[in-house]
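Chains as they are written, first to last, in the working numbering: chain A, 1 to 347; chain B, 348 to 662.
There's no promise every hint is true.
What the hints assert, rightly or not - If you only want the chain A side, here are some residues facing chain B, beta carbon under 7 angstroms, derived: (1) MET55; (2) LEU57; (3) LEU85; (4) ARG88; (5) MET94; (6) PHE96; (7) THR101; (8) ALA102; (9) ASP104; (10) THR106; (11) GLU115; (12) SER116; (13) LEU119; (14) PHE151; (15) HIS153.
Rather than coming from a laboratory, the hints here were simulated on the basis of the structure.
We put the CB at the ideal spot given by N, CA and C, even for glycine.
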Amino acid sequence: MSGLLTIENLDISFSVFAGEVKAVRGVSFRLDKGETLAIVGESGSGKSVTVKSIMRLLPNNAKINSGSILLDGEDLLRQNERETLKVRGQRIGMIFQDPMTALDPTMNIGDQVMESLLLHKRISRREAGKKALELLELVGITTAGKRMRHFPHQFSGGQRQRIVIAIALICSPEIIIADEPTTALDVTVQAQILELLKEIQKQLATAVIFITHDLGVVANIADRVAVMYAGKIVEIGKVDEILLNSRHPYTWGLLSAMPSHNADEKRIYTIPGTPPDMLCPPQGDAFYPRNKYALKIDTLRMPPFFQVSPTHQAATWLLAPGAPEVTPPAEIIAGRELFRERARNAR
Amino acid sequence: MKNFSRHLIKKVGIMLLTLWLIITCTFFLIHSLPGSPYVNQEKLTPAQLEILNRQAGLDKPLPEQYLIYFKNLARGDFGTSFQFKNQPVTKLLLNRVGPSVQLGFQAILTGTVMGVILGMISAMRQNTWVDSIVTIIAILGRSIPNFVFAVILQYLFAVKLSIFPIALWGKFSYTILPTITLAMAPMANSARFIRTEMVEVLNSDYIELARSKGLSHWQIACRHGLRNSLIPLITLLGPMAVSLMTGSLVVENIYAVPGIGEQFVKSIITNDYPTIMAITILYSAMLIIILFVVDLLYGLVDPRIRVTGGERLAA
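For reference, chain A alone in the conformation it holds in the complex (with noise of 0.2 angstroms):
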């Protein structure tokens, strides 16, 4: 089955001073439609890098190597300047980090949602405005038609980020890339914008690539979910799975390190050591310094990927025939307990 985003392969390096920084190595997955892909790893994993090479937003110096991401079967990689910009904003919609620097100080909202559809649809003024009126109200902007003379500054940051998510959807994108939306929002606001996108994606049935290095919010949201450490994906799967039944130790690593709402816990868990230097990554499994379950080959050989279940796919030599039998430590067992409860009061 070929999904509606496929990305094969896809190799970036930057340009830097000291040598090439090697951010994305040989990254493949695919997007369905309608679904929700959760991309999970710590800061500088390169899962920014990776979507943003979808919407060909690279810095100038930015290489990409090799790879393809196909879209609908054409590989955007391959796309000159105009057909480019035919797919960014009407084909793929972005939501940016920080609400409070990605909206233009000078323009009033109304213009800045509209843009856009003016730029890809013919579509008079008003008829925009009046698109513009309803998705503002859809995003739960109240009295959003006087506000749409109004400047960002005029907005609290959820709000901001309400208006970031209409700039998007406006022109009714297969696909949204979402680059971790609620960050910078308190916890209170994530929420509601959780749950506005969620409730958004439902309606409109859009794919959502959703950045995020909060699993709380992966459990919350996705459907499947891809966990990315040093430029590669290290693990993949449907939710469940990542939660549930994870086998890389990073992934480990990862819901160890999710603060628990009710355990007693006295200290929060954090992964030992620092993500490699990707100015020379090492030549055997990234994650073998900081792995306590590391194996001798680890260190001389990049895993493969091991096919867990149709779905669910994990790099990690562990998963290798005759490889010793390693069962995860306590807290992730405790963790998954926790899960299917939640799951199950969910329902």
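Chain B: place on chain A using the hints.
Same frame as chain A, now just chain B:
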């Protein structure tokens, strides 16, 4: 609206105070200049001098002269020029304001518009040869004094190519050379300024969002980049207007423009006190008003700086 009118009253008060300080300083400074208003003093007898001084009111002690000057000023009387006998200064200057204002306006308009365009191109083509050429133009424009420019332009376009007259006033085409001369500095300044500002603006988040909408580079630069880069340029408009005015003193002389600048230079050379005073007051008032307008312009370009008159917005 209450906030705004209070803001306005305070502004006007400060403007008047500034003007008074300028008048006072200038008055005492010009009277301490060496020399007298008389062209051939050595040929005058002491008795003749005394009569002339009494006629012009120069025989009284300086503080008294100052008070008399202010009394006349309050009635709108700028005094009588020494140089042109029996000509009131007001009448003398009114005929000369037109050309100066026209030139100044033309120069600042062409200068900033050209500068903004050059700066924008420069920022869009950052670190290419286009950028380098604009940088060189800007450096030349800033560092070459405008009287040198005036002479170069005269040589090229009047002497060699004979397109324009060397120094003449009367037709619009005659204003082109002086306008270009005067426009060089504002052009260079704003080009540098817009480039720096634009480079920074183009790296901001809202520009990336604009890119994600599918706008092309130039659409982004015009719709989102320019306006945001213009805000700091407005600050520069004030000082640029000042340098234009002072610059025009010499340039008007070179091109024989019958403007205030030419009159100013003549009046200083001949110690024509009432004329010097009147022109200083005129320049200062113009400058103060320009700065005030610049202040208002800010709010026009940047909605965040608008004095809203206390309008509260629901959060």
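For this session: Output the numbers, in ascending order, of every earlier hint that fails for this structure.
Result: none
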